[in-house]
Amino acid sequence: MSRTIVEPPRLHAALRQSTPLVQCLTNAVVSNFTANVLLAVGAAPAMVDIPGEAGTFARVAGAVLINLGTPREEQRVAMREAVSAASTPWVLDPVAIGVLSVRTALAEELLALRPTVIRGNASEIRALAGAGAGGRGVDAVDDVESAGGAAAALARRSGGIVAVSGAVDLITDGSSTVRVPGGDELLTRVTGGGCALGAVVAAFVATGRARGVDDLEAVATAHAVYSAAAERAAAAASGPGTFAARFLDELAVTGR
Amino acid sequence: MSRTIVEPPRLHAALRQSTPLVQCLTNAVVSNFTANVLLAVGAAPAMVDIPGEAGTFARVAGAVLINLGTPREEQRVAMREAVSAASTPWVLDPVAIGVLSVRTALAEELLALRPTVIRGNASEIRALAGAGAGGRGVDAVDDVESAGGAAAALARRSGGIVAVSGAVDLITDGSSTVRVPGGDELLTRVTGGGCALGAVVAAFVATGRARGVDDLEAVATAHAVYSAAAERAAAAASGPGTFAARFLDELAVTGR
Amino acid sequence: MSRTIVEPPRLHAALRQSTPLVQCLTNAVVSNFTANVLLAVGAAPAMVDIPGEAGTFARVAGAVLINLGTPREEQRVAMREAVSAASTPWVLDPVAIGVLSVRTALAEELLALRPTVIRGNASEIRALAGAGAGGRGVDAVDDVESAGGAAAALARRSGGIVAVSGAVDLITDGSSTVRVPGGDELLTRVTGGGCALGAVVAAFVATGRARGVDDLEAVATAHAVYSAAAERAAAAASGPGTFAARFLDELAVTGR
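Protein chains in written order, with the working numbering: chain A, 1 to 256; chain B, 1 to 256; chain C, 1 to 256.
Hints were generated in silico from the structure; no laboratory data involved.
Partial pick of chain B residues on the chain C-facing surface, computed with a CB cut under 7 angstroms: (1) Ala-28; (2) Leu-248; (3) Ala-252.
For clarity, every value in this text was computed on a predicted model and none was experimentally measured. Glycine residues also receive a C-beta, built at the ideal position from the N, C-alpha and C atoms.
Just chain A, same shape as in the assembly (with noise of 0.2 angstroms):
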């Protein structure tokens, strides 16, 4: 079943106004321009991410994120602990798993603990279904589209939504789906354009969750409201480091 999505910026002008608190265990590549696209979309971020502190955090945030990309050791306390302890909506963004052991483990661990949201790419949601070997590091090696299937399939095995990002991002709860085009190139060449997807996914889902919005709704939204702003910034863009300043002004005005 294919599904439309409501306005987007009906969904984002709630989330300025609850500032949702969105808890980030997140790689240590992209955890300021993560911080900054949640400040600029109109949520509060908060990297707590050491044992002793992420499972108390959790228990206050509005969302968590898991992202893997550099999931050292103490980072890989806090999330179990964090994960253990949430009751809200978690995101978990699988980066890179595949061929790297420590974080495909941490993968199926977490999977098992039903993330509310997953999110990658294609090479990423096949490696975590099984069906693939995972890509080079975080490039996308497959396409969008090849992996609906194995996106349908971890959907209904988490009981969660899983969110493909690609040219047209595809985004199903294992029976609808949901596409959303758009977005541009330019953010593929800014390192996190997909990991703070994740947070701001985590962001869309807390606030649609207060506001009787489904999760498969929210998630849709969000990628939505993301790909209108890299438009937006890309067409007043001379490159990938003038596009990464534009885009948090872009997402700082979407939904007004």
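Knowing the structure of chain A, use the given hints to seat chains B and C on it.
Okay, now just chains B and C, sitting in the frame of chain A:
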């Protein structure tokens, strides 16, 4: 007693001439932005924060910043090492203390070692003074003026300066108080806006001491320079992304 | 013997076509900027730096960067693992060695494993060659030309290339030397300006080897491309913040 400050560009020019070496043991989210802010303002950043090196470096640094935003175990050891070794001024930024147990205990331990300056938002200052429960992450829930009493008490207890950031910043040594208005709301939309100020404060205190400027005035000058740059940057920005870039540009011209 | 280099855009175009996978075990301050520089230049960054994964990834990466800026314990283990596993070229950036004991010992240990390229400022190169006491943090206290003898001696000892960054960069294999002028002072006002160059060097050496270009020329080409982009970026910038954004833009067009 209320104090005014001398023309900020003069001390900033002195800072540029001396290029104070500021060692930062700061959080992972803002280390890049903090280093860029220090470079822009004319200081020399050095993020030396591992055990076995932090103490060695603290003995040659002009000032030290201790920021508790992401206090991993190895960094906590290095923080203790740096503070014990430092004979130079050091700044404590008790990010998000109150509810989170690891950093709150560490902040109290470090407070006993008498930081030259404590910098934070109203929630954090009240929490460190024992007058509040802390905020939610890095958000300033409390109002600056409401934290004035706690700030003064904390300054008297630590024997140093306490600076509270907000719409109007409040800086006190426990008897005299300086208020620094200005700045721009966009600074709160860039992650590390407050954290990087802590590093700038360290640079100004180091510079001030070499020029016979007392710490209270040096801290207030740092806030004034920072706020003025934010105002000019906001005038040239179209949102938080372009603001961050322009803010660095403006910090680099201030005081020339 | 003094050498000249072929037209840099040609090798840069080849780099873009091959998208070399560059594994970075780099410091926490500059990992984001380094990844963005690699993406802009046309390479694929992968910051895989934890034990248990670093070696696995080094076997598939096109080149590896080892940067000693913030060498936490876990990363030090991963560095040894990556270098031992890598059969591809690897670059050593001995950030701030000399006084700081942990990184200095590690640099000497890694030097014995014969890095393909050693890149640093004059102080660092002199310190690694045993001819100086090191600088103060990442500052280049020594002059590039004064480090020429130390660089050549270090190249002969390591069997690789040594590149010294400064107003005029000096690249040597111990017998031939290439000097690359240009660049812009603003590059020294952006944290990671030198660190990210190490990653670009890695990308160019990987590309050069596949095209029959010798390492000395590939390293010099990387420096030339980097400097040219900095010059163009500086012309469009109003300070270090806008420079950093423009620099990424310019790296993305170089060689097209």
